[in-house]
Amino acid sequence: MIKKTANLLLVVLLINVRCTEIIELDSNSDSRAVVIEGLITNELKNQSIHVSYTTELDTVGVQPATGFSVKIECIDDNTTFLFNEDTPGVYKSIIPFAGEVGKTYQLEVTDVDDIRFYSDLETMPSPSKIDSIQGKFIKNDSDELGVSISTYSSSISSNSSRYYLWKWNETFEIVTPYLSRYRWTGEEAVLRDTGVSRCWKTESSNLILTKSAESLTENKIDDFQVRFVATEERALRTRYSLNLFQYSISKKTFDYWNALGSFVNENESLVNIQLGNLEGNISSDSERISLGYFTVASVDSLRKFFDPSQFQPDGFVKPDYPIACIVEVVPPRDLFPFMNADQNSEKYVIHEGPDYSGGWALVLQPCGDCRAFGTNLKPDFWIE
Amino acid sequence: MLLFFSSIVILRGQEIKELNGSYKDQTALEILESIQTKLKINIYFVPDWFDSKKLNLDLDGIPPEEAIQIIVGDQYTIVNVLEDFVISKDPYYPVSSDFVKETIDEIDDGETKMLGFLFKEEVDKLKESKTMVVGDQSLFDPSKKINLSGKVLEINNSEPLAGVLIYTSNNSTTTDENGEFSIQVPFGKSTMSVQYLGMKSRVLNLLSFSSDKISVYLEEDLTTLQEVVVTSNQSRKIETSTMGVELVSIKEIKTTPMVLGENDIIREMLSLPGVTSIGEGAIGFNVRGGGADQNLVLLDNQPVYNPSHFFGFFSAFNDQYIGSSQLYKSSIPVKYGGRLSSVLTVSSESDFDKEFSGSGSITPVTLKGYVHLPIIDSLLFIDLGFRGTYSDWVLNSVKNQQIKDTDVSFYDVNAKINYKISDTNIVGFDFYRSGDSFNLLNDSLFTYSNTAFVFADKIGIKDNLDGEFSFGVSNYNFEILHDENPSEAFKYRFMLNEIFLKTDFNLFIRDYAINFGSEFKRYDVKPRRIFPVGDASLIRPERSETESGLESAIYLSNSFDLNRLSFEAGLRLSFFGVSDSDSYIYDSEVPRSTSSIIDTVRVENNSFMTYWGPEFRVSAKYQLFDRSVFKLSYNQSRQYIHLLSNTTSVAPTDIWKLSDEYIKPLYGKQISAGYYRETLNGYFEFSTEVFYKKSSNNLEVKLGEEILNNELVEASTIQGEGKSYGIELMLSKKYGDLTGRINYTFSRSFLKMDSEFRSEQINRGGFYPSNQDRPHVVSLDAKFAFTKRFSTSMKLSYQTGRPVTFPIGQYKLGGENLIYYSDRNEFRIPDYFRIDLGFSLDGNYKRNKPFHGFWSFSVYNLLGRDNPYSIYFEEVNGRIKGYQLSIFANPVPTLAYNFRF
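For the record, the sequence lines run as chains A and B. 386 is the number that my numbering gives the last residue of the first sequence; the numbers go up by one with no jumps. 917 is the number that my numbering gives the last residue of the second sequence; the numbers go up by one with no jumps.
Same shape as in the complex, but just chain A:
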């Protein structure tokens, strides 16, 4: 709370004499660091640990660290959980297990050169619960219109942790303006057996969301925005779902994630926060730098669905489909050359035919086939 104030406070504009410009960054380093992201919860599952290397400044994507050996030890019962590399850089526990509240865990990761990275001992805090997730149509600080999705959370017991970390997965439905009834095989048009006009797209949170109830009278979070769906994002055109994971974490863990978040959100200001690599809870036997954190948290999750119609009374205007769609009619004899023409810069799909106004009705591919945006496999959790 106070930190936020300080940050905003520091965004100072003095008349209009200041100016910002892009500078060249040519400070890539030869040495790469190991990044370890471990999260275990009290949920029974194959827990997973992600290991990667740092990449260059202009390289997009993650460079997975393969060939490591990973294990987690429960100090209290002296048990060890071994992990196997599932996909490059992602290590999953061989057996499913759930962390237990009050028990202490330690992560150990060994790289291909036998250099050992190990975490501090971390104890799993008591869980809290998500009471509700609510959305409201607002104009945010940057003057953008959209739906703000907030959580209302509270403690379960008096010894619940007052420190919160959130992650979410969102899934939204994409419905094309036109139905594509036929599929082009390359030779001929055949009726589709699976629909391609309804898809679902799933994305994960890309912001570190933390909050402390330390300075509040009650261990209770009211109206904490976890996601702002700007109208322009077009995610709220049909139906939208957010699955929120609320992690109850220790103060030390909170301090780490909270500080990390503040580094990321730093922007133009007169006072610069001292930057550097935040020391996590993972150390190494050698001089090798390790980044990341081993988070031990108890989790609660809740899924909530939203429809555009519920915000329309407040002034929400349903966003347009990402592209403009019109129907083009092609006479039957021209269908083959049209669909197979290489020179067509844009691909078309068949909407209706062949008797649609005297020919085949074609639309641009994204107007009839939503697989350009997501998958047409309906998720299990999807409720109409």
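Calculated from the structure, these hints are not laboratory results. Check each hint, because a few of them may be wrong.
[Claimed, not checked] Restricting the straight-line Cα-Cα distance to at most 30 Å, the calculated cross-link-like pairs of lysine-lysine (DSS-like) are:
| hint | chain 1 | residue 1 | chain 2 | residue 2 |
| --- | --- | --- | --- | --- |
| 1 | A | Lys-254 | B | Lys-507 |
| 2 | B | Lys-768 | A | Lys-253 |
| 3 | B | Lys-680 | A | Lys-253 |
| 4 | B | Lys-542 | A | Lys-213 |
| 5 | B | Lys-507 | B | Lys-436 |
| 6 | A | Lys-213 | B | Lys-507 |
| 7 | B | Lys-167 | B | Lys-542 |
| 8 | B | Lys-478 | A | Lys-222 |
| 9 | B | Lys-897 | A | Lys-213 |
| 10 | A | Lys-349 | A | Lys-138 |
| 11 | A | Lys-254 | B | Lys-542 |
| 12 | B | Lys-897 | A | Lys-203 |
| 13 | A | Lys-253 | A | Lys-94 |
| 14 | B | Lys-768 | B | Lys-685 |
| 15 | B | Lys-167 | B | Lys-229 |
| 16 | B | Lys-518 | B | Lys-542 |
| 17 | A | Lys-141 | B | Lys-897 |
| 18 | B | Lys-216 | B | Lys-205 |
| 19 | A | Lys-254 | B | Lys-768 |
| 20 | A | Lys-138 | B | Lys-507 |
| 21 | B | Lys-518 | B | Lys-680 |
| 22 | A | Lys-94 | A | Lys-254 |
| 23 | A | Lys-380 | A | Lys-203 |
| 24 | B | Lys-542 | A | Lys-222 |
| 25 | B | Lys-205 | B | Lys-161 |
| 26 | A | Lys-253 | B | Lys-542 |
| 27 | B | Lys-518 | B | Lys-474 |
| 28 | A | Lys-253 | B | Lys-507 |
| 29 | B | Lys-507 | A | Lys-141 |
| 30 | B | Lys-680 | A | Lys-254 |
Fit chain B to the supplied structure of chain A, relying on the hints for placement.
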């Protein structure tokens, strides 16, 4: 060397002496010798002057003076001293002081006392030729030194001038706050220079016989831009054994190019060697690589904790009110203490004799004024100063909504009442308050203020002992109001209060100047007060415990001269006690954190945690030649209060913290040496100083730690050693149409944070450049007077870019793209370079005109160079981008109108 032959003491006859006889084939020397014997008189001269040419002279019946003239020739002047004669080469005033001294010695040997030495007509002649006669010839006493005292006044309003530099070939001094001075002058003919920045310099030709009092009037040099703010006065440096003292007079900065028309004494400090800042508009300044919290800022003896307005864009001192300031950067007088790097004293004028007067200025940002009100003639006066912004109006007229939503305002008020109970007892009361308030983007309201007052009594206890007793309070607090979200609306308050009591004595015994006294300061720091705002607020009110500390010191110093060597040696003993509050005991096996607390200690009342230590301060001066000296100094200091900052420069939200059980006091020592030289005519001055500083217990906030809402400061900070060293070179030209100064400084500043725990190390425990590390600094100030009324000035400033921690890679964690950073301060931001230009046009400047106004126009950052103020980084579509923020990226023109009455 002058040699005299007058070996025989001659009993003087009563009769009129005249010569009889002629001299053949004799040298001038022989003839003179013969005359001496014959007339029973002494003739003084330098034998080497005369060659061995044989002369044939008939001197029958010629009076002795004429005769000697004939013998030695017209190029010499013959001076009659009582009944003796002196042969001199100087046609006007025949005797140099050395000559006289030697002569007197000679006569003393002969048990003859010589009074007076000059001749009335000569004196009259000298008076006509603009020579000031000091004392009376008849009062000349060779056993006494000639003391010239008096007052330096401004010619128009007879306002006394403080800090005026006065020097002769041997001595120098400055006027005190009443414009008074006292200086020893040599017997006979000499010159004395009177200099004050912003005023026309005067060189007085003196003819001195005995102690006297004079008044010197100086004319304001309004037409010339006193760009050279701080002429580092070599002569002054030559005089004292104190090192690294810089004087800035506000008068001289009145026409310097400035940002938005605000003359700023702190900004002007930045053109001094060894003084830098983190960036344009950064709060505070750094002296010789020290932190911004290591400077003691005293405004008329009142400590000021935040000496700036609106971040650091303007200093918190009204230039209309203040008179001069001094910065001590290496040998700090023993009477000051509690900060490591420097002491900056800012003083207003104090003059009982001044008539009703005032001044004011209108700039694009502020309206400010000063008024002097004499209440009882020469006994009681009141001085008032005020400055306020109308910047809200400026900001509201800007189209940009974000800027419109920004409110910025500040003000400061000064007041002074002085009452002269008697000639030796003056009581005074000073008050100061500055306030700032800004509402940034309608998000939160930030306000801060400094409030201070001091009562002082200056007493002349005895002829050679005077004392000053003062008592005062200084308060600094800031408040953040954040009410965007009603359920979390709160107000945060930080408050620091200092109460101080000081006694200071100056004792003069023979050649010793002894300064001693004591100082007590009580600090009360309330670091964290949180109040919920509004009924809907769920914020839990919080009142952290008040930290109280008592800092006290006793000190003694003595300065004395041993021929060419002068010494100043002092000792300050400082003590610090901090009230023990409930504290935690941490597991010593792991870094301190909330989770490493193993016990809580409840303390009994009145329990104190104490620190103490001596601070030795020694300096010495050795006069190498007439106008060149060498100095050496050693200085120790201790600091018991720290500024907590998690930013690279000082932020207005940084809080002060007292030393306690875990946070150890800062300790620093510095050794420095300097060489100062003036060219013969005094046109050029050159000085160089080298220094080496070491400090321990420098406080750093751990990366990513919060400071405002932090209960466990000891777990969020680390302490380590620091070192800095450098060489400062300066060359200046003081006279002529073109004057100016150039200086170059090479210096480095490092910190080292080491610990057995990796999380408490920075850069693996090695030395790293501190944020203040600016290896190369060049600054040039020059002014040129076209005419008496129109002049221009230029300022150039170059600095190596400050160190910065840079991205060297990226990684993904928690779904976010994050930056992988280099070692602390491994890279640097681009170098800083700026040129400013100023013009000054004086109104019709007539003497005794009741109202006087002048215009000044300046362009700050003439080249419009984008000097980076800060650099920040952002992740854009998976790539890391760097941005630089420049504050004054365009030339900033300013027109200001100043007036005086």
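Going down the list of hints, with the structure as the test:
Restraint check for Lys-254 (chain A) and Lys-507 (chain B): satisfied, since their Cα atoms lie roughly 26 Å apart, inside the 30 Å limit. Between Lys-768 (chain B) and Lys-253 (chain A) the alpha-carbon distance is near 29 Å, which keeps this suggested pair within the 30 Å criterion. Straight-line distance between C-alpha atoms of Lys-680 (chain B) and Lys-253 (chain A) comes to about 26 Å, which keeps the hinted pair within the 30 Å bound. Taking the CA atoms of Lys-542 (chain B) and Lys-213 (chain A), the gap is about 26 Å. The hint holds against a cut of 30 Å.
A hinted pair counts as satisfied when its Cα atoms are at most 30 Å apart, and Lys-507 (chain B) with Lys-436 (chain B) does not qualify at roughly 46 Å. Taking the CA atoms of Lys-213 (chain A) and Lys-507 (chain B), the gap is about 19 Å. The hint holds against a cut of 30 Å. Pair hint Lys-167 (chain B) plus Lys-542 (chain B) does not hold up; C-alpha atoms about 47 Å apart against a cutoff of 30 Å. Restraint check: the Cα-Cα separation between Lys-478 (chain B) and Lys-222 (chain A) comes to about 71 Å, which exceeds 30 Å; the hinted pair is violated.
Distance hint between Lys-897 (chain B) and Lys-213 (chain A) is fulfilled; the C-alpha atoms sit about 28 Å from each other, no more than 30 Å. Simply put, Lys-349 (chain A) and Lys-138 (chain A) have alpha-carbon atoms about 38 Å apart, too far for the 30 Å limit, and the pair is violated. For the suggested pair Lys-254 (chain A) and Lys-542 (chain B), the alpha carbons sit about 26 Å apart, so the restraint of at most 30 Å is met. As the CA atoms of Lys-897 (chain B) and Lys-203 (chain A) are separated by approximately 29 Å, the hinted pair is consistent with the 30 Å bound.
With a C-alpha separation of about 27 Å, the suggested pair Lys-253 (chain A) and Lys-94 (chain A) falls inside the 30 Å cut-off, and the hint holds. Of the pairs offered as hints, the one joining Lys-768 (chain B) and Lys-685 (chain B) holds, with about 16 Å between alpha carbons and a cut-off of 30 Å not exceeded. Only pairs whose Cα atoms come within 30 Å are accepted, and Lys-167 (chain B) paired with Lys-229 (chain B) is accepted, the gap being roughly 8 Å. For the given pair, Lys-518 (chain B) sits about 24 Å from Lys-542 (chain B) by alpha-carbon distance, which is consistent with the 30 Å threshold.
For the hint linking Lys-141 (chain A) to Lys-897 (chain B), the alpha-carbon distance of about 28 Å falls within 30 Å, and the restraint holds. Between the alpha carbons of Lys-216 (chain B) and Lys-205 (chain B) the distance comes to roughly 23 Å, so the proposed pair stays at or under 30 Å and holds. This hinted pair checks out: Lys-254 (chain A) and Lys-768 (chain B) have alpha carbons roughly 26 Å apart, not beyond 30 Å. The suggested pairing of Lys-138 (chain A) with Lys-507 (chain B) holds, with an alpha-carbon distance near 27 Å, which does not exceed 30 Å.
For the proposed pair Lys-518 (chain B) and Lys-680 (chain B), the alpha carbon gap of about 25 Å is at most 30 Å, so the pair holds. Using a Cα cut-off of 30 Å, the hinted pair Lys-94 (chain A) and Lys-254 (chain A) holds, with the two alpha carbons roughly 25 Å apart. Among the hinted pairs, Lys-380 (chain A) with Lys-203 (chain A) is consistent with the structure: their alpha-carbon atoms are about 10 Å apart, no more than 30 Å. Using a Cα cut-off of 30 Å, the hinted pair Lys-542 (chain B) and Lys-222 (chain A) holds, with the two alpha carbons roughly 28 Å apart.
The hinted pair formed by Lys-205 (chain B) and Lys-161 (chain B) meets the criterion: a straight-line CA distance of about 14 Å does not exceed 30 Å. The hinted pair formed by Lys-253 (chain A) and Lys-542 (chain B) meets the criterion: a straight-line CA distance of about 24 Å does not exceed 30 Å. For the hint linking Lys-518 (chain B) to Lys-474 (chain B), the alpha-carbon distance of about 12 Å falls within 30 Å, and the restraint holds. About 24 Å separates the Cα atoms of Lys-253 (chain A) and Lys-507 (chain B), which keeps this hinted pair within 30 Å; it holds.
Restraint check for Lys-507 (chain B) and Lys-141 (chain A): the C-alpha separation of about 25 Å stays at or below 30 Å, so the hint holds. Taking the CA atoms of Lys-680 (chain B) and Lys-254 (chain A), the gap is about 25 Å. The hint holds against a cut of 30 Å.
Of the hints listed earlier, those the structure fails to meet are numbers 5, 7, 8 and 10, in rising order.
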